[in-house]
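Colleague: Chains as they are written, first to last, in this note's numbering: chain A, 320 to 722; chain B, 320 to 722; chain C, 320 to 722; chain D, 320 to 722.
It should be emphasised that the hints constitute simulated quantities derived from the structure, not laboratory data. Any given hint might turn out to be false.
When chains are identical, the list treats them as one kind, so a pair holds in a single copy or across two.
[Said to hold, decoys possible] Distance condition first, Cα-Cα at most 20 Å in a straight line; then the derived SDA-like pairs of lysine to any residue: (1) Lys444 x Pro323; (2) Lys444 x Glu492; (3) Lys444 x Asp490; (4) Lys329 x Gly678; (5) Lys662 x Ala682; (6) Lys662 x Glu374; (7) Lys444 x Val491; (8) Lys662 x Thr361; (9) Lys662 x Ser364; (10) Lys444 x Asn471; (11) Lys662 x Asp680; (12) Lys662 x Gly679; (13) Lys662 x Asp402; (14) Lys444 x Ala462; (15) Lys329 x Gly677; (16) Lys444 x Glu460.
None of the values given here were measured: they were computed from a predicted structure.
Here is how the chains run, residue by residue.
Number of protein chains: 4
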Amino acid sequence: MTEPAELAAKVRDGELRLHELEEHADHDVAAAARRLLLEAETDASLDAVGSFTFEAERADPNVENMVGAAQIPLGVAGPVRVDGGAAEGEYYLPLATTEGALIASVNRGCSVISQAGGATARVLKTGMTRAPVFRVADVGEAAEVLSWVEANEDRLAAAAEATTSHGEVTDVEPYVVGDSVFLRFAFDTKDAMGMNMATIATGNAAELVEAETPASLVALSGNLCTDKKPAAINAVEGRGRTVTADVRIPREVVEERLHTTPEAIAEVNTRKNLVGSAKAGSLGFNAHAANVVAAAFLATGQDAAQVVEGSNAITTVEARERELYASVSLASLEVGTVGGGTKLPTQAESLDVLGVRGGGDPAGTNADALAEIVATGALAGELSLLAALASRHLSSAHEELGR
Amino acid sequence: MTEPAELAAKVRDGELRLHELEEHADHDVAAAARRLLLEAETDASLDAVGSFTFEAERADPNVENMVGAAQIPLGVAGPVRVDGGAAEGEYYLPLATTEGALIASVNRGCSVISQAGGATARVLKTGMTRAPVFRVADVGEAAEVLSWVEANEDRLAAAAEATTSHGEVTDVEPYVVGDSVFLRFAFDTKDAMGMNMATIATGNAAELVEAETPASLVALSGNLCTDKKPAAINAVEGRGRTVTADVRIPREVVEERLHTTPEAIAEVNTRKNLVGSAKAGSLGFNAHAANVVAAAFLATGQDAAQVVEGSNAITTVEARERELYASVSLASLEVGTVGGGTKLPTQAESLDVLGVRGGGDPAGTNADALAEIVATGALAGELSLLAALASRHLSSAHEELGR
Amino acid sequence: MTEPAELAAKVRDGELRLHELEEHADHDVAAAARRLLLEAETDASLDAVGSFTFEAERADPNVENMVGAAQIPLGVAGPVRVDGGAAEGEYYLPLATTEGALIASVNRGCSVISQAGGATARVLKTGMTRAPVFRVADVGEAAEVLSWVEANEDRLAAAAEATTSHGEVTDVEPYVVGDSVFLRFAFDTKDAMGMNMATIATGNAAELVEAETPASLVALSGNLCTDKKPAAINAVEGRGRTVTADVRIPREVVEERLHTTPEAIAEVNTRKNLVGSAKAGSLGFNAHAANVVAAAFLATGQDAAQVVEGSNAITTVEARERELYASVSLASLEVGTVGGGTKLPTQAESLDVLGVRGGGDPAGTNADALAEIVATGALAGELSLLAALASRHLSSAHEELGR
Amino acid sequence: MTEPAELAAKVRDGELRLHELEEHADHDVAAAARRLLLEAETDASLDAVGSFTFEAERADPNVENMVGAAQIPLGVAGPVRVDGGAAEGEYYLPLATTEGALIASVNRGCSVISQAGGATARVLKTGMTRAPVFRVADVGEAAEVLSWVEANEDRLAAAAEATTSHGEVTDVEPYVVGDSVFLRFAFDTKDAMGMNMATIATGNAAELVEAETPASLVALSGNLCTDKKPAAINAVEGRGRTVTADVRIPREVVEERLHTTPEAIAEVNTRKNLVGSAKAGSLGFNAHAANVVAAAFLATGQDAAQVVEGSNAITTVEARERELYASVSLASLEVGTVGGGTKLPTQAESLDVLGVRGGGDPAGTNADALAEIVATGALAGELSLLAALASRHLSSAHEELGR
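Bound-form chain A, shown alone (with noise of 0.2 Å):
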């Protein structure tokens, strides 16, 4: 049996490439090996790295040149009652983060949405999406090559699912710059938060367009899809789960938990996450929803790229005469309960804490539960935040958990 010192001795003398490992060791002894390597040519020690708790091949889809595993800290927030189209009942929030005082500030909004009866949820849109990039002659072909593409629709979808036992194409936009023609299509992904499936059958589709029409395939993704860049396609017409959180508040327990009132929060909420917001140019309408969607997406194993489009949410906040109605719609969270990440030993738990491991029934319901359990997660914390701005507790507050 190959020790990890005489596999990275191999790597040292030439005989082997760092990414070889795995084909002359068992992935632990590979890891390992990387691990000597890297300890020899760096001043670092690798123990804590190394100290991962699962057997390393079972992280063989999710990683290459494997030297072990981040160990990022796991907290708890909730329980908070969600309504949801799919998810209904109480929560414990797993969050994995680095960012002290986060976890105490979504625990506080989800007492209170609790205290307030909880919150309602639905995902009110569903697709995710890769958008090709073709070139064509010039515009009269772009035309054409439209004309084919609406009347051959069908073809296309069955083009795109013959790769698929899941998916379900529901869109095909086609968009034209010049002599670059893009086609946005759109899939039910289920369960799955869809991306690899997305990409396989949109090339399976690609090729039938290039096999019956002048256009000519690029790129299979022509950023129009658009994965892990902060996109306005994406804020405006969504991308993976489009899914709101609200909640209504009495006005008392907003005085008496969140120590300010209704009014004060709406305007922190207007001038800051509106106001603010929109003076900044951004795409963000919101306090740091991207902190729970984070922390969330780590604790479940979903992609930590995709934080990004899942910043693209907006908050809104109405002082009412007996009552705060508060809510967070996002956009374009990307999320899945089988596939990628979710495997893995402590994301595959965090999902069971939810209760929407694995496919759903009908299928598509895990990942649907799971979206309006972080959309209310994010409510949470965006209630929460308000409340601290508007009695003036933020810097305090990092005073003293942030350290």
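Chain A is fixed; fit chains B, C and D onto it per the hints.
Modeller: Chains B, C and D alone, transformed into the frame defined by chain A:
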């Protein structure tokens, strides 16, 4: 000594609240008690989440209601040569991710960059910002406040700097919308990411504004900062580090290693990253910079929600007679090598791999180097994905690696 | 018969109000009276403003409190050959402007385009939009309203179309933010720009929504239309006509007539129109399309405020071995050949110059042709300015022509 | 003396080109000849276009290939009281438009503002910008160029100011994207809108950059200016004049004159102008500021294409116990009272109506006053339309006035 089960019982009986456990037991016991509680109230087992390998107390500044830790696979790309303003030499990039194929892709890019002699990188601007919003009576009063601010920048800076031993005020920029006045304070926060430092310092300066002018503070953050939201103000003016990395790759290296041509890569970049992003109403003109930013942030203890600003990046590619020129410019990369999550065990080790843990000499150079290395990693990721698209490998690469 | 002086005296004495004069005299006398009043109350003489050469009554649908007319110099560029979906042949472009050098620049572009055999142009999408905003109780109710809308698109369309003999509903797209529901109605308004038609029709459909669902109308325009504001929704999804014009220019024509090379023009376009606009956080990736849009709008009686949406344009340039490819894609060009200002004397004449006055046959083709011609004019302007920049003539051109 | 027919014949025979006529006859004859030519080649008669009432030569700096003039109906709104930094007193607003109902709407708003005691207005920032783009070898060289710029701001300013007797450099802001360096020069151009002045001055400074650094000028405008395109950089940082107007209207005036309540207007503003615009990915958070900007620009000889930047406006409304507070903040209003179209006859008269024609004393105050008056007009338009929407009159108002 209190046992987890005993603590859990007290919470169940209403004697203690979930966030009070650390007052009655050490941090590890408190976390264990929470796991017991969660396991009892949900169908989850939390063995993996509980298998973290550091003392829970060490995460006290980073998390509340701690339950355990998320373990995120960590791999390595590189080495890659960086000729930076602060970074200099060959670096292995620790990347924590659950997205299959990502590290392989970055690794390929690193290899090509190194073969081309390395990347050049420079931090071109530095400034962590915080922008409180004040209420004034009307625009007449707003004009007075602006005059006062202009005349008293020194006093504002002194007030802000009184709260910090490291930070320096570099700018105070006023913005007015109706009866809301925003002051965007910028700080050189040296090796700290600096959000807390900037918040506390701005709080002190805001008190001076309130004391000396008719302006009344509404919120210490008025969203012109802009923290954790996609916003043009960051993409245009920068936040944290504004950093560019670029490389010139000989034509034969492109052809042999990337199996495509400079012209094909340039075409993909133009149609996808420039024209496609333009059509998408995007602030991110890149392929997947957020992937590298996110993975590097998770590995090195940065704030995962700030991946949002990290995605404000523009990638450019030029096909030249003998070479390919490629660059990635990250407008608002918020990184630190002290504070926040950087002290946690696995995170500190990753910073050690890069040789940038703790304060730099001179101050700020470690965070500068980290920014330059992350930018180089992003450049590697861009090159690799653009080349893959140019040779139409995207979906098949995912098919192989991304199950 | 009432004289201007008499009317003016009555206003001065408070017997009449400024906007009531047309009730007591013909429109020309009313306008004359207002000039007398203004001359008396200010230091202005209004001889020129009063020297308009049409009957004032003719402008009754276009203006209130009429005083006279602004005279804006009108020149001509062209002829330019257009191979469009609706436009076909050589066109002289009437352009009203006060910016020296503009028409000369467009003219040069037209000449080069014609020498290259003409531009190709296509309207690729049509839809005038209006998006009312409704208030609902919470997101649960929003979900119900969306379900109702989805199930009742036919009734909504019927209600809308009941108010118009020409317009057709082509889409109803819902968007939700908290307790606000927006429905973006799109109409094919044929040869009319169609804003009023769309507003009235949407008003009727909104009444149906209010009658049949719990939603309550807050405003007939909820800014998702988006009319006369720079907005990504228009740049992405289009409004009015989405139209592209492009051209291939032989290399020798570029060199002889534009005194530069395809490569130099392409470089200017990439660094300025693509990369520069990206860095500016822009929705307009062009050099000065708004100049041509504005000048054509003023000449032909379009709504000058809609120059805003007309500037949502992307210009692309490619240097090919034997030619230059250039295109301009205007996402949201709102034009009409009937209604609005198109009936005014000078405006109608300009439409006659283009051969597109009044309703087209089939309906919509005149407005389509106008869109294609304006796009071609914009293309001419882009080519000329990019070429001037490429040969560094911008400031000197202005020095000569722009005093 | 050459007759129009004779000239036209020479063009038809190829002896002369269309733009050369002024070399062979006076400007009026040349324009007449062009009308003959156009009438012969199209089905148009150009009597109205030819009926302009000023000497054609007077438009020589404003137009080429002159044919005549567009006549655009001009009405008046007001008077409205403005308490500005430069404007002071009651103003009638000359507005040129073809959109029925617009002036009536603005007029109603002016009346309400005046009844409330007038609007307050302030220019809070001034700066016409021009941003050339330079090519450098790589980011290392970019960093050197930035260092040089920082060390040589005085020389750059001196070079720029050597070309102008009035303009002053107020800022030079560098931006880098890969191997492109942009320098955004800002100028105080006093009473001139200043685009040409800024362009020429920047050209001279750019020569210095080229002479002293390795940077090579690619284009004198690199689109970070940003001229005539919707761009966040203008919305955030301003261009031309950054100006706000606001007003407090007693509750009873709102109710009696606007037939609605402060609360209803505030709700419309929040759901439409703030939330709706946020969802639309907009840079304009207003109802129809562009309408007033466009109409005032046409009347007073401003550049119609700059209506684009003029639409970067945020409207805020607050319902207070006893009053309505409303404001409109225009980030980038580009106006001048000298140069450009301001010298043309009808345009000069409109400036005289406002008392702001020509250079102010001190320099810049006339353009400041114009900006403040236009902002007040925009405020009037916002108030009126928001109130109309609040009382659901929009479509019926259009039905009555907008046929």
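Colleague: For each hint, tell me whether it holds in the structure or not.
Modeller: Here is what the structure says about each hint:
Proximity of lysine 444 to proline 323 under the C-alpha cut-off of 20 Å is found in neither arrangement, the shortest distances being 50 Å within a copy and 43 Å between copies. In this assembly of identical chains, lysine 444 and glutamate 492 lie within 20 Å of each other by CA distance both inside one copy and across copies; the values are 16 Å within and 12 Å between. Taking the shortest Cα distances, lysine 444 and aspartate 490 sit within 20 Å of each other both inside one copy (12 Å) and across copies (17 Å). In this assembly of identical chains, lysine 329 and glycine 678 lie within 20 Å of each other by CA distance neither inside one copy nor across copies; the values are 43 Å within and 36 Å between.
Taking the closest pair of Cα atoms, lysine 662 and alanine 682 come within 20 Å of each other only inside a single copy of the chain (17 Å); across copies the shortest separation is 42 Å, beyond that limit. Proximity of lysine 662 and glutamate 374 under a CA criterion of 20 Å is satisfied intra-copy only: 12 Å inside one chain copy versus 26 Å between copies. Within a single copy, lysine 444 and valine 491 get their C-alpha atoms as close as 15 Å, and across copies as close as 15 Å, so both meet the 20 Å cut-off. In the homo-oligomer, the alpha carbons of lysine 662 and threonine 361 lie at most 20 Å apart only across protomers (18 Å), although the nearest pairing inside one protomer, at 32 Å, exceeds that limit.
For a Cα distance limit of 20 Å, the shortest separation of lysine 662 from serine 364 across copies, 14 Å, qualifies, whereas the shortest one inside one copy, 29 Å, does not. With identical chains, the CA atoms of lysine 444 and asparagine 471 are at most 20 Å apart between copies only, with a shortest distance of 18 Å across copies and 24 Å within one. Proximity of lysine 662 to aspartate 680 under the C-alpha cut-off of 20 Å is restricted to the intra-copy arrangement: shortest distance 18 Å within a copy versus 43 Å between copies. Proximity of lysine 662 and glycine 679 under a CA criterion of 20 Å is satisfied intra-copy only: 15 Å inside one chain copy versus 39 Å between copies.
In this assembly of identical chains, lysine 662 and aspartate 402 lie within 20 Å of each other by CA distance neither inside one copy nor across copies; the values are 27 Å within and 39 Å between. Proximity of lysine 444 to alanine 462 under the C-alpha cut-off of 20 Å is restricted to the inter-copy arrangement: shortest distance 10 Å between copies versus 29 Å within a copy. Proximity of lysine 329 and glycine 677 under a CA criterion of 20 Å is satisfied in neither setting, with 41 Å inside one chain copy and 33 Å between copies. For the homomeric pair lysine 444 and glutamate 460, the shortest alpha-carbon distance between copies (15 Å) is at most 20 Å, but the shortest distance inside one copy (33 Å) is not.
Checked against the numbered hints above, the structure violates hints 1, 4, 13 and 15; every other hint is satisfied.
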